[in-house]
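For this one, chain D is given, so just place chains R and P on it according to the hints.
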Amino acid sequence: MDMKPVITVDNLRTYFYNDKRCNKVLNGISFKLYKGRTLCVVGESGCGKSVTASSIMQLLPVLSRIESGSITYHGDKNDIRIDQLERNGKTIRKLRGSDLAMIFQDPMTALNPVYTIGWQIMENLKYHTTLNLKERRKKAIELLEQMGVSNPGKRVDQYPHELSGGMRQRAMIAMAMSCNPKILIADEPTTALDVTIQAQIFELITKLKSEHDTAVMLITHDMGVVSELADDVAVMYMGNIVEQGPVREVLKNPSHPYTSALLRSIPVLHQGASQDLQPIRGVTPDPFDRPTGCQFGPRCDFYTEQCTQMPDESAVDATHSVRCWHADACRAAQKPVPDHAAGQQPVVQ
Amino acid sequence: MLKFSLKKILAMIPMALVISFLIYLGLELTPGDAVSYMIPPDQLANVSPEKLEAIRELYGLNDPFIVRYFRWLIQMLQGNFGFSLTNGVPIKKILLETYPATLELSVAALLISTLLGSFLGIVSAIRRGSIADNALTVAGMLGVSIPQFFLGMVSILLFALQLKWLPIGGRMLPGQTDLLSHIRFLILPALVLGVTLTAGVMRYSRSSMLDTMNKDYIRTARSKGLPEWRVNLIHGFRVAITPVVVLIGFRLPMLIGGSVVIETIFQWPGIGNAFNMAVRGQNYPLVMTIALFSVFAVLIASLLVDILTAALDPRVKLH
Amino acid sequence: MFTLTRTRTRLDRQFDRIRDLEEAGLNKKSTTSRALRKLLNNRLAMFGLAIFLIILLSSAFAPLLTSYDPLGVDMRSILKKPSLLHLFGTDKLGRDVFTRVLYGGRISIFVGLGSALGAASIGVLLGAYGGYKGGWFDKTVIRFSEIFMSFPQLILVMMLVSIFGQGLSNLMIIFIITGWGSVYRLTRARMLSLREEEYVQSLKSFGLNDFIICYKHILPNAISPIVVNITLSTAMFILEESALSFLGLGVPLEIATWGNILNASQDLFTLQNTWWLWLPVGVTISLFVMSINFVGDGLRDTTDPTQQG
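Residue numbers (the numbering used here), protein chains in the order written: chain D, 307 to 655; chain R, 243 to 561; chain P, 17 to 325.
Same shape as in the complex, but just chain D (with noise of 0.2 angstroms):
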C-alpha cells in the first residue's frame, strides 16, 4: 500500500460571498488523500463537505473564492498547487478528467438531457486522449460494459432520460473512470438512488478502487457507509474536520463529542428496536452568526470556557487526529458504542 499522499490539502479556507454577505464555509481543513484508499467524509448537511470537493476541483462558484490554505497535487513528475491555478485555465483543465475525476449526486440532473450518454463519455476520451473516433466509441462501450450496464452497444446511444436511476450512475462513473484518473471524488452519489442499487454502485466503486488504484473521496451523510467502505474517514462539523484516522479506530475511539454522538444517534441493523438512540441535543448554528471558537461548543456535553478559542490539531496516535480540548474526557465517558460493523449483514447476494 503506496503510503505517499495523491492530494494534500493544508489548512483550506474557502468563503463564499452571497448577498454581500461573507460565509466562512471552511475554517482551515487539512487532510490527505492516498492511492489505493478511500476516504470518507461525512458530515451533516451544510458542514461543507461538498465545497471541499468543490475546491479541489476548482469548481467553486462565481461568488465564492479559496482564502488562504493550499491543495497540493502530487502528480507523476511534479506537485501541483491547485489553489493558485486560474479557474478554468489550461492547467487545472488538463487535470480535471484524466486525473481527477468526480461524479454527482443526481445523475439525472448531472447528464446533458440532450446528448447521448456515449457521445458524453466520449467528450471526454476527446479531449484527454489522442484515440480517433471508432476507438473512443469502443473504448464508450467498453466502460460500460464493465461498469455493468447491460446492452451496452444499445445503452451508448441512449439519452440519460431513456436509462434507469442506477444505470445512469453508472454511465457517470463510466465518464469519470474513462480516463483512469488518480483520484476519484463521489459527492453523495447514492442519495438520489433506491437502496438496492446504492449497495450495486457502491460494490463498482470498491472494484474500480482496488484496479486501478485509485484515491477515492467519498462524501457522505451516512454512517453506515463509512464503516461499510471507508479506509479513512473525516469527520466535518460547521467548515472544520473535528476528527479524522483510519475508520476502524475512530469507530472504536471517538474522540469528538461530535463523533460519538452521531455513532449514538443512528440505529444499527438487526440490533434489535430496544437500541437506545440519542439524537443529538440543539441544532446546528447559522453560518452567519455563529458561536465564537469550537463550533459544536453549544451542543456539547464537555463544554468549558477554553472551548470559546478553536482547539488545535492533536493527535491520539500515528493515524488518528482529533479537535477538541477535552478529547480525552470524550474518550474516558465512552459508554460502548454500537458496533456498526457488526451489525451488517450482506444486502445483496
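It should be emphasised that the hints constitute simulated quantities derived from the structure, not laboratory data. A portion of the hints provided could be inaccurate.
To be verified - Just so you have them, the derived chain R footprint on chain P, three or more residues with Cβ under 8 angstroms:
no.: 1; segment: 81-92
no.: 2; segment: 249-263
Unchecked claim - Derived DEER-like restraints, expressed as beta-carbon distance ranges:
no.: 3; chain 1: R; residue 1: Ala377; chain 2: P; residue 2: Val299; range: 49 to 57 angstroms
no.: 4; chain 1: P; residue 1: Ile70; chain 2: R; residue 2: Asp420; range: 32 to 40 angstroms
no.: 5; chain 1: P; residue 1: Asp90; chain 2: R; residue 2: Asp420; range: 47 to 55 angstroms
no.: 6; chain 1: R; residue 1: Phe263; chain 2: P; residue 2: Lys232; range: 37 to 45 angstroms
no.: 7; chain 1: P; residue 1: Gly150; chain 2: R; residue 2: Leu345; range: 34 to 42 angstroms
no.: 8; chain 1: P; residue 1: Ala205; chain 2: D; residue 2: Asp385; range: 54 to 62 angstroms
no.: 9; chain 1: R; residue 1: Pro416; chain 2: P; residue 2: Thr25; range: 53 to 61 angstroms
no.: 10; chain 1: R; residue 1: Pro332; chain 2: P; residue 2: Ile70; range: 29 to 37 angstroms
no.: 11; chain 1: P; residue 1: Leu208; chain 2: R; residue 2: Gly371; range: 40 to 48 angstroms
no.: 12; chain 1: P; residue 1: Gln288; chain 2: R; residue 2: Ala377; range: 42 to 50 angstroms
no.: 13; chain 1: P; residue 1: Lys155; chain 2: R; residue 2: Lys406; range: 37 to 45 angstroms
Quantities reported herein were computed from a predicted structural model and do not represent experimental measurements. For each residue, glycine too, the CB sits at the ideal point set by N, CA and C.
Then chains R and P, alone, in the frame of chain D:
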C-alpha cells in the same frame, strides 16, 4: 418524427376551416356583395339589371348564407381567389407577384434577428453584470419601445438621406432580380423590421442561458476539463436555445404584421404594402384574402417551429 | 494573513471588502420588505417611473403648460423652427407642435391604458372561471382565443377597422377584442396551478359556491402577473395606435394623437427639412413606452419569486 408532423398538420385543418369561415363572415359584413367579386369583372361590366340577376342566379349569389360560404370555399380551394375591386386584377396574380418580396424581407429579418439576438444574448449572459450586459439590456429595451415606423423614418433620414450609404426605398432597380445585386435595398428594411424580434431574442437567450448555466450538467462538463467556449456553446446554448425557438415561434405573427408598416415606409412591393393600400382603398376582398393567407403563414410557421423544437430536445415525446 | 498569490481581480477586491465588513460585525440583515427594497434598488425602474410620470402629468395638465389651442390654425406661422415661442415649432397649418404633442398624449395614453384595462377585464373574468372550472367552457374559450392569436395582430386590427370603420371607440373596442387573449391565457395558467392548493380544497369542502371561490379567494393571489401584463399591454397598445394612426387608419385625423401627428410627416421633404414635425413626437412615444417597459420589468422582477435577490 414523420408521424408527429402529420399529426400536427391534421390538427391544423379544423382551425384553418374555422378561420376561413370567419373571414367569409367578415366579407359578408363589409359593404357590397360578398361574393360578386369572385366573378371576372368583364362579365359584370355593362350588363342590364335582368342580365345581372341571371348572372347572380347562375353563380348562386341568392342562395342561403351557408351555401354561399361553401361555394366560396370550394372556389378558394380551386385557386380562384376572386378579383380586386379597385382594378379588376385577379387577386391570385396580385399575391403571386408580391409574395416573393415579402418572403425575402421576412426571412432576412428572421435570420438577422435570430443570429444577432442569440449572439448578443449569450454574450450578455456570460458577462452578466458587466457594462456590456447593462448596455445591451437598455438597448434591448429601447428596441422594443421605439415604434417601428419611427425607427424606419430615422434610419431613412440617417442612412439614406444624410449619409447616402443606402437607397431610400424600393426593392431593386430594373433587372436586379438576383438577390446579391439588390441586397443594398434589403438591408435597412430587414434590420428595422427585425429590431423588435432581435431585442426579444436577445433577452430570452440571455435569461435562458443564465438558467441553463446554473444547471448541474454544466458543472459536470467543467469537471471533465472542457474549455469554456465548449461548455458555454455546446453544453450551454445547445440546451438554452429551445425556449428561444419557442419564443421566435410566438413572435412570428408580429414579424408578418410588422411588414405591413415597414413595406409602406420603404416602398417595398410586398404583400404588406398591398394590404395597406387595400385597406385604404376599401378593397375588401383583397383585405380579407390577404388576412386569410397571413393566418396560414402563421400556422405553417408555428408548425415548423413545433417540429424544430421536437428535433432539438430529445425529451419531447413524439407520440 | 492572505496567501493568495494568483492575480487578483475586481471580484477579489469586492470580496475583501465584504469579508472585512463581516469580520467587524457590520453586516446585518435588513428589515425592510425584500420586495420594496428590490424595486427601489432597480434604478431602471425608478428612472422609468420618473419619465412616465413626467410625460403623463404633462399631458394631463396640458392647459397649464401651454396656452395654445391644439387645433388652432395660424396661417401666419407655418412651419416655424423650434423657438422659445414654440418649443417644438409649428406645423403646416401653423399649429403649435408642442401643444399638439401634449394634448395628443391624452388620447394616446387613454387609448392605450383603456384598451389594456378593458382587455384585462375580459381576460381575467373568463380566464379565472375557465381555469378554475375547466370543462367545455374552458375548452371553447381557449380555442376561441387561439383563433385570434393566429392572426398577426396588426393585420387583424386593420381588417376589423376596414369592416367596422374608424373612430376612437371603435378602435378601443377592436383593441380589446384582439388583446383579451393574452390576459386570458395568463390568468388561466395561474388558476390551473393555484386551484390545486390546499386552501381551495378546504373552501370547497365548506360548500362554497364556485364563483365565490374563484373570484373572491383565488384570484387575488394571481393579481401580480396580471398587473405586469396590463402595464406591458398599455405599451403595446400605444405603439399600435400610433402605427395605425401613422398609416391613417387609426383615430380620425381631426383628433390629435401622437400617431396622427406623425401621419402628416411621411414624405421625404418633411423628413429632411422640417424635422421638428416628427422627431420630437417619435422620441416622446419611444420614451413613454420605454418607461412603461422599465416599470413593468421592475414589477415583474419584484413579484417573481424565482429571481435572486
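Okay, the hints, checked on the actual structure:
For the segment 81-92 of chain P, the proposed coverage by chain R is not satisfied: 0 residues have a C-beta within less than 8 angstroms of a C-beta in that chain, short of the threshold of three. Only residues whose beta carbon comes within less than 8 angstroms of a beta carbon in chain R count, and the segment 249-263 of chain P has 6; three or more means the coverage holds. Judged by the Cβ atoms, the range 49 to 57 angstroms given for R/Ala377 and P/Val299 is violated: they are separated by roughly 20 angstroms. For P/Ile70 and R/Asp420, the Cβ-Cβ distance of about 51 angstroms falls outside the hinted range of 32 to 40 angstroms, so the restraint is violated.
A C-beta distance of roughly 53 angstroms is found between P/Asp90 and R/Asp420, which places it inside the suggested range of 47 to 55 angstroms. Under the hint 37 to 45 angstroms, the C-beta atoms of R/Phe263 and P/Lys232, about 38 angstroms apart, fit the expected range. Between P/Gly150 and R/Leu345 the Cβ separation comes to about 41 angstroms, which falls inside the hinted range of 34 to 42 angstroms. Checking the proposed 54 to 62 angstroms range against P/Ala205 and D/Asp385 shows it holds: the Cβ atoms sit about 57 angstroms from each other.
Distance hint check: the CB atoms of R/Pro416 and P/Thr25 are about 60 angstroms apart, consistent with the given range 53 to 61 angstroms. Checked against the given bound of 29 to 37 angstroms, the beta carbons of R/Pro332 and P/Ile70, roughly 54 angstroms apart, lie outside it. One distance hint, 40 to 48 angstroms for the beta-carbon pair P/Leu208 and R/Gly371, is violated here, with the actual separation near 35 angstroms. Between P/Gln288 and R/Ala377, the C-beta spacing of about 30 angstroms breaks the proposed range 42 to 50 angstroms.
Against the hinted window of 37 to 45 angstroms, the Cβ-Cβ separation of P/Lys155 and R/Lys406 comes to about 58 angstroms, which falls outside the hint.
Checked against the numbered hints listed earlier, the structure breaks hints 1, 3, 4, 10, 11, 12, 13; every other hint is satisfied.
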